[in-house]
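J.: What follows is each chain in one-letter form.
Protein chains: 2
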Amino acid sequence: MELYSGYISRLIGELSVLPGIGNKSAQRLAFHIINMPKDKVENLANAMTEARNNIKYCKECFTLTDNEICPVCKDETRDHRQIMVVENTRDMTAYEKTGKYKGVYHVLHGAINPSLGVGPNDIRLPELLRRLQSVDATEVIIATNSSIEGETTAMYISKLIKSSGIRVTRIASGVPVGGELENIDEVTLSRALDARVEL
Amino acid sequence: MELYSGYISRLIGELSVLPGIGNKSAQRLAFHIINMPKDKVENLANAMTEARNNIKYCKECFTLTDNEICPVCKDETRDHRQIMVVENTRDMTAYEKTGKYKGVYHVLHGAINPSLGVGPNDIRLPELLRRLQSVDATEVIIATNSSIEGETTAMYISKLIKSSGIRVTRIASGVPVGGELENIDEVTLSRALDARVEL
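So the protein lines, in turn, are chains A and B. In this text, residue positions in the first sequence follow the working numbering: the first is 1, and each later residue adds one. In this text, residue positions in the second sequence follow the working numbering: the first is 1, and each later residue adds one.
Everything labelled a hint here was simulated from the structure, so no lab data went into it. Keep in mind that a hint or two might mislead.
[What the hints assert, rightly or not] Derived DSSO-like pairs: lysine-lysine, alpha-carbon spacing no greater than 27 Å straight-line:
1) Lys-24/A x Lys-159/B
2) Lys-102/A x Lys-162/A
3) Lys-40/A x Lys-24/B
Given the sequences, and given the hints that come with them, work out the whole structure.
T.: Following this line, the structure appears as structure tokens:
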């Protein structure tokens, strides 16, 4: 005998394939959804299908957006010759939240990862090179993650671009603000030491 | 300027009202959904609306089910005179998974919680009393949670029913199997001591 009704089992199954949602969370979510007002459930379901069906890649920076060109690329007050390379749209948003960056972005949608078979042509790297040929870029800031894949990607891009004479920089790595030294890994600590600045 | 496109913002907003899903998880889920194949997203969305629109309460035990009567209540091999009272369908499923219980259930859909204004008539307690009048029950096993609300509800039900001469029992509380004593709270430990059995 099925422990749950068919509809509930199916919903639990669909929910539990989402990232970070195990079987227990899927059960809790499913029962929450069943107890929500009907129109709220419809809103949630529509938000999913509509986002999936209407999202486009920005033709310039390849971030996910509603339009042909994203708001950042459309903004003429920003410096379109300074390009920050990020792994995904969330990383771009993280930098936008700082409000400090006035250049534009290029979203790779991934990082080079040989062990998963992700090569330079599987991310939006050819698009970056084409873009650099058409735009007279002054600086490419590489803001990929500080993981093995992110570092590999950063090194790879830097080698490709440097020969063309464009300035290539990498965001600093070190101890996060507010971080307690005892909780920080050795690699970060030694990098922070190497990159120490005069006071 | 909106940090995300309208569709993504809306989806993040809808997801972040779900229990246990904060803003960060909602962002991760939203981007995962946008990158899923279209038909998978439709399946997920349909599973939600269909579950919400088709789920009924069993006319006998009030668990959530696809039909008028749930599979447990329909099963004639089970003892319909032994009724286990649980707070919700998940708790019923937890006991069904043990495979040890051969009676039927009554699902309260909540517990008495005066601080939230949940009284005896706000849960399926009147339905339990009516049911006990029509069924010649031999035993009511109270399996509400071992929380303050669960215990309050158990006490309340026990007082109501005992006068009618039906046997009322409560599931045992004690140290969970595999639990390490040092990690278990004092109340549980003292209950386990009170309820000690001869070896």
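J.: Has the given pair, Lys-40/A with Lys-24/B, been kept, meaning a C-alpha gap of at most 27 Å?
T.: Cα-Cα ~21 Å, so holds.
J.: Next pair to validate is Lys-24/A with Lys-159/B; report whether the Cα-Cα distance is within 27 Å.
T.: Given that 27 Å is the threshold and the Cα spacing comes to 34 Å, the pair is violated.
J.: So if I understand the rule, the pair passes when the alpha-carbon distance is 27 Å or less; does Lys-102/A with Lys-162/A pass?
T.: holds, 22 Å
Violated hint: 1 only; the structure is consistent with all others.
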